[in-house]
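Here the structure of chain A is known, so what remains is to put chains B and C in place on it, guided by the hints.
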Amino acid sequence: MELLLLAINAMLIGNLILSKFLGICPFLGVSRRLSTALGMSMAVLFVMVLASTVTWTLFYTLLKPLHLEYLRTILFILVIASLVQLVEMVMQKLSPALYEALGIYLPLITTNCAILGVAIDSIEKGYGFLPMIVYSFFGACGFALALLLFAGIRERLETADMPKSFQGAASSLIVAGILSLAFMGFSGLVPG
Amino acid sequence: MTTQANPFPGGIHPAYRKDLTSGCESRPMPVPKILVIPLSQHLGAPAKVLVKKGDAVKAGQLIAEPAGFISAAVHASSSGKVTAIGPVELPSGQKGEAVTIETDGAHEWARMEPISDPLAADPKVLVERVKAAGIVGLGGATFPSHVKLTPPADSPVDWVLLNGAECEPYLTADHRVMVERPDRIAQGVKLVRHIMGVSKVSVGIEGNKPDAIEAMRKALGDAGEVVELPVKYPQGSEKQLIHALTGRRVPPKKLPSSVGVTVFNVATVAAIADAVIDGTPLVERVVTVTGSGVNQPGNFRVPVGARVLDLMEFAGGYREDAAQLILGGPMMGRAAATDDVPVVKGVGGVLVLSADELKNLDYGVCVRCGRCLRACPNTQNPMLLGQLIEKGLFSRIDEEKLRELVLDDCFECGSCTFVCPSRRPLVQFFQMAKGYYRSQQKRKG
Amino acid sequence: MSILIPILVLTGVGVVAGVALAYFSRVFYVPEDPRVDRLEEILPGANCGACGFAGCRDYAKGLVAKNGDVPPCPVGGKAVAEKIAEILGVAVADVEDQVALVRCAGTRDRATTRGTMVGVRDCAGAALLGSPKSCRFGCIGFGDCVGVCPTKAITVYGGGLAVVDPDLCIGCGLCVSKCPVDCIGMVPRDRRVHVLCNSRDPALVTRAACKVGCIACNLCTKKDPAFVVASNVATFTGVTCDPEVRFACPNDVIVHTDHTSVLAFVESEAARADYEAEKAVFKEKEKAARAAARPAREPKNAGEQP
Numbered sequence: 001m002e003l004l005l006l007a008i009n010a011m012l013i014g015n016l017i018l019s020k021f022l023g024i025c026p027f028l029g030v031s032r033r034l035s036t037a038l039g040m041s042m043a044v045l046f047v048m049v050l051a052s053t054v055t056w057t058l059f060y061t062l063l064k065p066l067h068l069e070y071l072r073t074i075l076f077i078l079v080i081a082s083l084v085q086l087v088e089m090v091m092q093k094l095s096p097a098l099y100e101a102l103g104i105y106l107p108l109i110t111t112n113c114a115i116l117g118v119a120i121d122s123i124e125k126g127y128g129f130l131p132m133i134v135y136s137f138f139g140a141c142g143f144a145l146a147l148l149l150f151a152g153i154r155e156r157l158e159t160a161d162m163p164k165s166f167q168g169a170a171s172s173l174i175v176a177g178i179l180s181l182a183f184m185g186f187s188g189l190v191p192g
Numbered sequence: 001m002t003t004q005a006n007p008f009p010g011g012i013h014p015a016y017r018k019d020l021t022s023g024c025e026s027r028p029m030p031v032p033k034i035l036v037i038p039l040s041q042h043l044g045a046p047a048k049v050l051v052k053k054g055d056a057v058k059a060g061q062l063i064a065e066p067a068g069f070i071s072a073a074v075h076a077s078s079s080g081k082v083t084a085i086g087p088v089e090l091p092s093g094q095k096g097e098a099v100t101i102e103t104d105g106a107h108e109w110a111r112m113e114p115i116s117d118p119l120a121a122d123p124k125v126l127v128e129r130v131k132a133a134g135i136v137g138l139g140g141a142t143f144p145s146h147v148k149l150t151p152p153a154d155s156p157v158d159w160v161l162l163n164g165a166e167c168e169p170y171l172t173a174d175h176r177v178m179v180e181r182p183d184r185i186a187q188g189v190k191l192v193r194h195i196m197g198v199s200k201v202s203v204g205i206e207g208n209k210p211d212a213i214e215a216m217r218k219a220l221g222d223a224g225e226v227v228e229l230p231v232k233y234p235q236g237s238e239k240q241l242i243h244a245l246t247g248r249r250v251p252p253k254k255l256p257s258s259v260g261v262t263v264f265n266v267a268t269v270a271a272i273a274d275a276v277i278d279g280t281p282l283v284e285r286v287v288t289v290t291g292s293g294v295n296q297p298g299n300f301r302v303p304v305g306a307r308v309l310d311l312m313e314f315a316g317g318y319r320e321d322a323a324q325l326i327l328g329g330p331m332m333g334r335a336a337a338t339d340d341v342p343v344v345k346g347v348g349g350v351l352v353l354s355a356d357e358l359k360n361l362d363y364g365v366c367v368r369c370g371r372c373l374r375a376c377p378n379t380q381n382p383m384l385l386g387q388l389i390e391k392g393l394f395s396r397i398d399e400e401k402l403r404e405l406v407l408d409d410c411f412e413c414g415s416c417t418f419v420c421p422s423r424r425p426l427v428q429f430f431q432m433a434k435g436y437y438r439s440q441q442k443r444k445g
Numbered sequence: 001m002s003i004l005i006p007i008l009v010l011t012g013v014g015v016v017a018g019v020a021l022a023y024f025s026r027v028f029y030v031p032e033d034p035r036v037d038r039l040e041e042i043l044p045g046a047n048c049g050a051c052g053f054a055g056c057r058d059y060a061k062g063l064v065a066k067n068g069d070v071p072p073c074p075v076g077g078k079a080v081a082e083k084i085a086e087i088l089g090v091a092v093a094d095v096e097d098q099v100a101l102v103r104c105a106g107t108r109d110r111a112t113t114r115g116t117m118v119g120v121r122d123c124a125g126a127a128l129l130g131s132p133k134s135c136r137f138g139c140i141g142f143g144d145c146v147g148v149c150p151t152k153a154i155t156v157y158g159g160g161l162a163v164v165d166p167d168l169c170i171g172c173g174l175c176v177s178k179c180p181v182d183c184i185g186m187v188p189r190d191r192r193v194h195v196l197c198n199s200r201d202p203a204l205v206t207r208a209a210c211k212v213g214c215i216a217c218n219l220c221t222k223k224d225p226a227f228v229v230a231s232n233v234a235t236f237t238g239v240t241c242d243p244e245v246r247f248a249c250p251n252d253v254i255v256h257t258d259h260t261s262v263l264a265f266v267e268s269e270a271a272r273a274d275y276e277a278e279k280a281v282f283k284e285k286e287k288a289a290r291a292a293a294r295p296a297r298e299p300k301n302a303g304e305q306p
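Sequences listed follow chains A, B and C, in order.
Residue numbering for the first sequence follows my numbering, beginning at 1 and increasing consecutively.
Residue numbering for the second sequence follows my numbering, beginning at 1 and increasing consecutively.
Residue numbering for the third sequence follows my numbering, beginning at 1 and increasing consecutively.
A portion of the hints provided could be inaccurate.
Here are the simulated EDC-like pairs of lysine to aspartate or glutamate, each with C-alpha atoms no more than 16 Å apart in a straight line [to be verified]: (1) B:Lys190 - B:Asp117; (2) B:Lys218 - B:Glu228; (3) C:Lys211 - C:Glu269; (4) B:Lys391 - A:Glu158; (5) B:Lys391 - A:Asp161; (6) A:Lys93 - C:Glu32; (7) C:Lys61 - A:Glu158; (8) C:Lys78 - C:Asp190; (9) B:Lys253 - B:Glu412; (10) A:Lys64 - A:Glu124; (11) C:Lys279 - C:Asp242; (12) B:Lys81 - B:Asp117; (13) B:Lys218 - B:Asp183; (14) B:Lys391 - A:Glu155.
Read the hints as simulated data drawn from the structure, not as lab findings.
Only chain A is shown next, with the shape it has when bound in the complex (with noise of 0.2 Å):
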């Protein structure tokens, strides 16, 4: 049940993009197109998995026992920058099908705030294997949820007849205040 309601709370309540503000760049970025944002979708799921777990186990190994928590920011930047560049290689050398398809996608994860802000995020909150698990896969579906919405209506406005300035950035920035506003509906969910 605990898990249920932190897969609810890490997907909708607390979404990544549209309450904590992370990973906005993708989010604008990789938006224009519902097929590339499923791309990234994915990337993301995948490599946001692999890097808290990873950066948990580091942590939980490493820095605790030699009381350096606050190293985690910087250690965990390290970590994840190589872990992608490491993924990137193996995919490409196992299976180039996938790496054509998530390929372009997973440099710009390296250094993406999302994925950091998970590993950090479940740091923090003293999240146990299991729930630091749940909590970064429903995260990036969040993540995914997101862009994909926000991917669909850019598509719909590009098609759009818009004054010259609201045009392109302007109305994308809108859209995705609204979406904000729209997905604090969700802290009603979880009472308390």
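Leaving out everything else, chains B and C in the frame of chain A:
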């Protein structure tokens, strides 16, 4: 013998305005001084010219032979002298080669030999005759009829349909043919049945022509059934008609023969009978001259190649407030820049609108009311497609496969444009897109 | 002392990550032809797709895969073709440096129109219904080509004609395939003489439709054999010619000039007036020369013929 017609989705109910001319018996138009006979009055390759400048020709004489399988012969509509061969403006707005004949007024005929007892003749001989008579679909698409009569062996035809729907507002040419020459059409039906070896024949006529339905029922007898169609535009479109009469659906980009059906216009069938029984090639057709900008609206039997200005003179000329000339009907016809264009085999109507009938042509943005979605007979989304084309987002059309699904199947009936409250020129957008894809094709090939 | 621990930890993790990356990059090495990178570097990088590939990198891959046996890069021209040949070690394909040219001088006041196009202003759509101009080969002027040009080299000016700026044109040819009336053609960049007409109609039709149409009268070909008349329209095939040859044209469709004044030729009234003045001077001169030459040759007939 009553069959219920299948309704098609979408469609519109424009003001038909057929009463202007539906009671007007078709009068023969006297042969004008000048006849301009284009070599390309049909779908397919332009015909190869056989005469040269200065030649004397007779009415019905072959002046150009088909250049290929999908092509049609062209005949002189009256006797006279060839004065020029060169490019002229066609009703489509394009320019094309044409033979100009100065008529001598004698109207001397040079008919082909009539085929006696055609129902005993070899079908191949009859098809040859249809080909030699230059008969094309008179509904407007001008597809050579001999091609339709010889369907490919892998898709045999078991059902022949006659299109008497004439759903286009204003036009009554087919209506008059059905009322005035039902027996000729019946003879034609028998010939087509004999040629194609088909026993099932259905005639679809919209319910707003009760006299035509009655005349056709009486003339056809057992030769075919007459089905009353609901009055809705575009009921006369080939695919919609096939669905209405047979319940079969023609897949996108496929010919009707792929579902075992062939459709002829009623006037085409009468022309086939003319060619076989009398030996008269297709040199004359019924044209409706109508609209509030015409002094004497009516139906006229016009020699092919007569210029619209001569025809208009015969119809009493333009009224003072005449503003726009349209060749064809108001929905699918084309606005003409000049009346110095010849009436060709595919022109069924000449419509002249007065100034106050021309709506303001400014258009606004799409308000996403969705009316066009309900009007589209192909159950497509003209709204989205129109916006994408207007913004030049062709990459998205390709991505979402809209081209295969929508554009290739759209026959530009204009229903979406008709219902649009923002007066968006959706059909023009689709034409633009078709032009775009044509230029793409050009680049590849 | 305690500061050393975090430093060591960070350095350690960094070294481990670095070694791991280095090791994996060797284990999972995917051989990619280094020529692809080198080729991509020398390509123009316009990503216009005129070569038929999706962008320059794709083109570079195609070049390597087929060992140069692909259509040349129309943007890069000769210089790039030579570099490509050097990298791939194959012979240089014959590429000419080209620019696009709108072969029409029929501005609104010179060419007659059939009617007014209402609704969507778009060349492709207009061409389906027949060009609004009487000449079916002339520039329609709704600017379809403007939209496809990757370098914004084309502008439709007040006279209703698209004009290509040769300094901006990279010769990709996208406008050529876009034009529904085939009015745009590719010409060598260094060509200085153009016949600004595309009408393949016979002389009578052309003349009726436009004041500045080529009627294939062959007067220019008599002056300079570099002019070639084919399918009712003349084309200049050389690089340059005597500037006075242009005055031979009865309909004034030959420009002899650098590219930018093609624009002046079709657009500027002043430039036209200059041209007329020059032509008048030339005609006077020619007349005088003829008058001077005639008595010497045939004194008897002097003054009989103009």
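How the hints compare with the structure:
1. B:Lys190 - B:Asp117: Answer holds: B:Lys190 to B:Asp117 is near 12 Å, not above 16 Å.
2. B:Lys218 - B:Glu228: Roughly 14 Å between the alpha carbons, so the hint for B:Lys218 and B:Glu228 holds.
3. C:Lys211 - C:Glu269: Between C:Lys211 and C:Glu269 the Cα gap is close to 15 Å, so the pair holds against 16 Å.
4. B:Lys391 - A:Glu158: holds, 8 Å
5. B:Lys391 - A:Asp161: Holds, because 9 Å separates the two Cα atoms, which is no more than 16 Å.
6. A:Lys93 - C:Glu32: Between A:Lys93 and C:Glu32 the Cα gap is close to 12 Å, so the pair holds against 16 Å.
7. C:Lys61 - A:Glu158: With Cα atoms ~33 Å apart, C:Lys61 and A:Glu158 exceed 16 Å; violated.
8. C:Lys78 - C:Asp190: holds, 13 Å
9. B:Lys253 - B:Glu412: holds, 14 Å
10. A:Lys64 - A:Glu124: holds, 12 Å
11. C:Lys279 - C:Asp242: Cα-Cα ~14 Å, so holds.
12. B:Lys81 - B:Asp117: violated, 35 Å
13. B:Lys218 - B:Asp183: holds, 9 Å
14. B:Lys391 - A:Glu155: Holds, because 12 Å separates the two Cα atoms, which is no more than 16 Å.
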